[in-house]
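Given the structure of chain R, go ahead and fit chain X onto it with the hints provided.
Given next are the chains, with one letter for each unit.
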Amino acid sequence: MTMKRALTILLCTLVLTALAVAQGDLLGKANQKYRDGDLKGARTLVDEAVADQVLARSPELWVLRGFIYKDLCKDAKGEEADVLRDEALASLYTAVVTDSTKQYTESSVPAYYYLAKTMYNDAAHALNDQDPARAIGLYDKYGEALRRMAPDTVITERDIEFGNALGTVYVKLYAQDRKRQERYDQAVDTYKRVLALDSSNYGANYNLATLYYNRGVYNIQLITADNDIPSIQQIQEVSREFFTLALPYMLKAHRMRPDRKETILGLEGIHYSLQDDEQSRHYRHLYEELEHDERKEKGQ
Amino acid sequence: MKIRIFPFSVGRNTHPAGRTALWRMVSVLLLLLTSVLFGGAAQREPDKDTTAIIQASYIYNIAKLVEWREPALRRGPFVIGVLGSGNLYQELVKKYATRSIGKQPIEVRKLPETQEVDRCHILFVPEEDRALLPGIMKQANARSTLVITDFPDALASGSVVNFVTAKNTLKYEISVVNANKQNIDVGLTLKQLADRVVE
Chain R
1 MTMKRALTIL
11 LCTLVLTALA
21 VAQGDLLGKA
31 NQKYRDGDLK
41 GARTLVDEAV
51 ADQVLARSPE
61 LWVLRGFIYK
71 DLCKDAKGEE
81 ADVLRDEALA
91 SLYTAVVTDS
101 TKQYTESSVP
111 AYYYLAKTMY
121 NDAAHALNDQ
131 DPARAIGLYD
141 KYGEALRRMA
151 PDTVITERDI
161 EFGNALGTVY
171 VKLYAQDRKR
181 QERYDQAVDT
191 YKRVLALDSS
201 NYGANYNLAT
211 LYYNRGVYNI
221 QLITADNDIP
231 SIQQIQEVSR
241 EFFTLALPYM
251 LKAHRMRPDR
261 KETILGLEGI
271 HYSLQDDEQS
281 RHYRHLYEEL
291 EHDERKEKGQ
Chain X
1 MKIRIFPFSV
11 GRNTHPAGRT
21 ALWRMVSVLL
31 LLLTSVLFGG
41 AAQREPDKDT
51 TAIIQASYIY
61 NIAKLVEWRE
71 PALRRGPFVI
81 GVLGSGNLYQ
91 ELVKKYATRS
101 IGKQPIEVRK
111 LPETQEVDRC
121 HILFVPEEDR
131 ALLPGIMKQA
141 NARSTLVITD
151 FPDALASGSV
161 VNFVTAKNTL
171 KYEISVVNAN
181 KQNIDVGLTL
191 KQLADRVVE
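Line by line, the protein sequences are chains R and X. Each step along the first sequence adds one to the number in my numbering, with nothing skipped, and position 225 is 225. Each step along the second sequence adds one to the number in my numbering, with nothing skipped, and position 111 is 111.
Honestly, the hints are just simulated from the structure, not real lab data. Ideal Cβ positions, reconstructed from N, Cα and C, are used throughout, including at glycine. Any given hint could be a false lead.
Unchecked claim - Taking CB as the label site, the calculated pair distances span: (1) R:293 / X:71: 51 to 61 Å; (2) X:71 / R:276: 40 to 50 Å; (3) R:276 / X:128: 17 to 27 Å.
Just chain R, same shape as in the assembly:
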């Protein structure tokens, strides 16, 4: 090795070492700011570090970035919080996949799942606020987040719970403004999707039956003094379709839980509206028997 070549290697080594120190310093500073609670400062530095190709391969950077964004998300609201959470999740995921020695798994994986669960909870809050679009968006992202980390993840039970709650929100929105036909359609579609996942779901069967039944009743309630006899007959035919649609779902719910009064009442109402007095009386009798038994049990 010539002297010149040896000097070149030494020079390169010195430059690389200086660079590494500078890079490390950037991460160190970001970490220090994070530990000091200066989340905005930490964010600026960590984003700067991400732009560096060498640092971008290190899991440490992504873990730190994930935690910085996660904590920033806690103080943010609305869309800003959503964006910060998405960034945090993406960073923590990158940390996990780049962490070949699983050195940071204990921190990154729980933090990732924590954030995913906050999306689920926020979806539930959005349903409480009767904001189905936001709820669906958050719930979809929740599922995607789980599957990204573990592609085999199955959340059918959660899908069913969410679907039932979502359907009920659509029903409430439809009840508030019956002119918004799309809310009715969305409710029907939602319950049908739940039943596609679990045809024996009591809530979806009962709610779908109720939805159809009420649509038929509402149609009849709209009759006014302006309706002539042919239109009364047409209205009845349309309502009959809804009552007929309601019947099998209510029957299924009733067979699943024969002691539930609401399905007995539902069947009584459906048969009454279908002008089937015999069946209507049968379920009325059943309901009265149940009430009698309940009173007896309570000692009244």
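Just chain X now, with coordinates in the frame of chain R:
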């Protein structure tokens, strides 16, 4: 270089509410839906009584398509009497009591369940009072009264219009013979739209 992550507690990562919160919400909504939609079976709410709503609409339309020959019944209020069936009475009051038949303002009366009924243009006798029908028909006050019923074989007992079920819908049958006995002219439209006409 290693980065130590300090300010992170796993406790803060626990799922704040999760499944329980959503389930609680679903349960509350489900209960709400139940109570709002079906009410109690002991007494059907008037606005959920689809049969009463349809019967009331038919009665109003029948009133418009029939003529009373007796001059005394062509003036004054147009009286619709209802025996029993509170929901039908309520529906008639709610939607039709402010209307008129020709120039005669409609008056809806809930009648006591006896054979001694007020003089009415139209009298509705429900199935639970079917035993009263023969007695009612013998009363002088029933003269020129269009009796409407909702039970089998009512036309044979003097009823002019009887509600019947056809293909899970409510329709009516009409007896022109009984109408003639009561000095009532039944319009062609009413006959044409009937499920059955006895002439």
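Evaluation of the provided hints:
Under the hint 51 to 61 Å, the C-beta atoms of residue 293 of chain R and residue 71 of chain X, about 60 Å apart, fit the expected range. Checked against the given bound of 40 to 50 Å, the beta carbons of residue 71 of chain X and residue 276 of chain R, roughly 44 Å apart, stay inside it. Under the hint 17 to 27 Å, the C-beta atoms of residue 276 of chain R and residue 128 of chain X, about 18 Å apart, fit the expected range.
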